[in-house]
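Chemist: Sequence:
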Amino acid sequence: MNPWHNILSLSCIAVSLFYIFGTSLHVAAVSHTNDCRNATLYNCAPEASCVNDTGTFNCSCNDGYTGDGFNCTDLNECTNSLHNCSQYATCHNFVPGFNCTCREGFTGDGVNCADIDECSNAALSNCAPEASCLNVAGTFNCSCKAGYIGNGFNCTDLNECTNSLHNCSQYATCHNFVPGFNCTCREGFTGDGVNCADLNECTNSLHNCSQYATCHNFVPGFNCTCREGFTGDGVNCADIDECSNAALSNCAPEASCMNVAGTFNCSCKAGYIGNGFNCTG
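Residue numbers for the sequence shown, in mature numbering (1 follows the signal peptide of the UniProt record, and there is no 0): -22 to -1, 1 to 259.
For the record, the hints were derived by calculation from the structure and aren't laboratory data.
Quick list of the computed label-pair ranges, beta carbon to beta carbon:
id: 1; residue 1: PHE196; residue 2: SER121; range: 42 to 52 angstroms
id: 2; residue 1: THR134; residue 2: GLU82; range: 28 to 38 angstroms
id: 3; residue 1: ASN21; residue 2: GLU82; range: 41 to 51 angstroms
id: 4; residue 1: THR203; residue 2: LYS247; range: 27 to 37 angstroms
id: 5; residue 1: THR51; residue 2: ASP31; range: 22 to 32 angstroms
id: 6; residue 1: PHE196; residue 2: VAL114; range: 53 to 63 angstroms
id: 7; residue 1: PHE131; residue 2: ALA175; range: 42 to 52 angstroms
id: 8; residue 1: GLY116; residue 2: SER38; range: 37 to 47 angstroms
id: 9; residue 1: CYS14; residue 2: VAL114; range: 48 to 58 angstroms
id: 10; residue 1: GLY210; residue 2: ASP135; range: 45 to 55 angstroms
id: 11; residue 1: GLU82; residue 2: ALA175; range: 53 to 63 angstroms
id: 12; residue 1: ALA175; residue 2: ASN223; range: 39 to 49 angstroms
This one's a predicted model, so the numbers in the text were calculated from it and none came from an experiment.
For glycine and all other residues, C-beta sits at the position ideal for the given N, C-alpha and C.
I would like the entire structure built from these sequences, with the hints used as guidance.
Modeler: Right, dumping it as structure tokens:
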């Protein structure tokens, strides 16, 4: 019998090893078929990869899928926290894989997102000219400045005077400005407008009373009254001539009346003695 017969009849031998001990010929045959090269020999899922092994094969789901290799479903990295998106980004699931996009108010590649400072760029913020812009993470805030009212995007003057938002004294007048307000003490008072005290015109020589009048201080203001013996409005006081009106003087018939500023004098005539109001001969 031909000793090579069995060797030549093997159809599935990939490698044959021969070795001789003495006069005997020995044949060792190893069969290895790549099942992954023949789609009819494996049943991996379309989303899986076939890995050939000695005498068999393995199926493993591709990246972005999960399963046993024979059945693979999409792996949602977003809902399973398997992504590397920034905390300021939104994760979008794909089949397969995922994508990261920075949220509004941030810039970057989605993995790294930096806040956009809208306040440093007038084209990105639309605060009113009378408002202040405050940058916060992912957005910005507009707030009307002191003296204005509104939502920050539209600001109008706040009339502190008519809205009782001032701190003027009860003796002061509030003046509205754009913006703000001012307090001034009313006539008859002194102070900074927030605190107003009565101004005593009489003791501070700020009155216009006649030298023949008495100044009376009021809160506020003052009043002038002509002193006894004078007549007028207090600002102008004229002497009353009592001697020309018997009803105003009470000199004795035997006396002479002499008018002086603010009063009169009675003196007994020659031949009489007395105080002028009573005269004896």
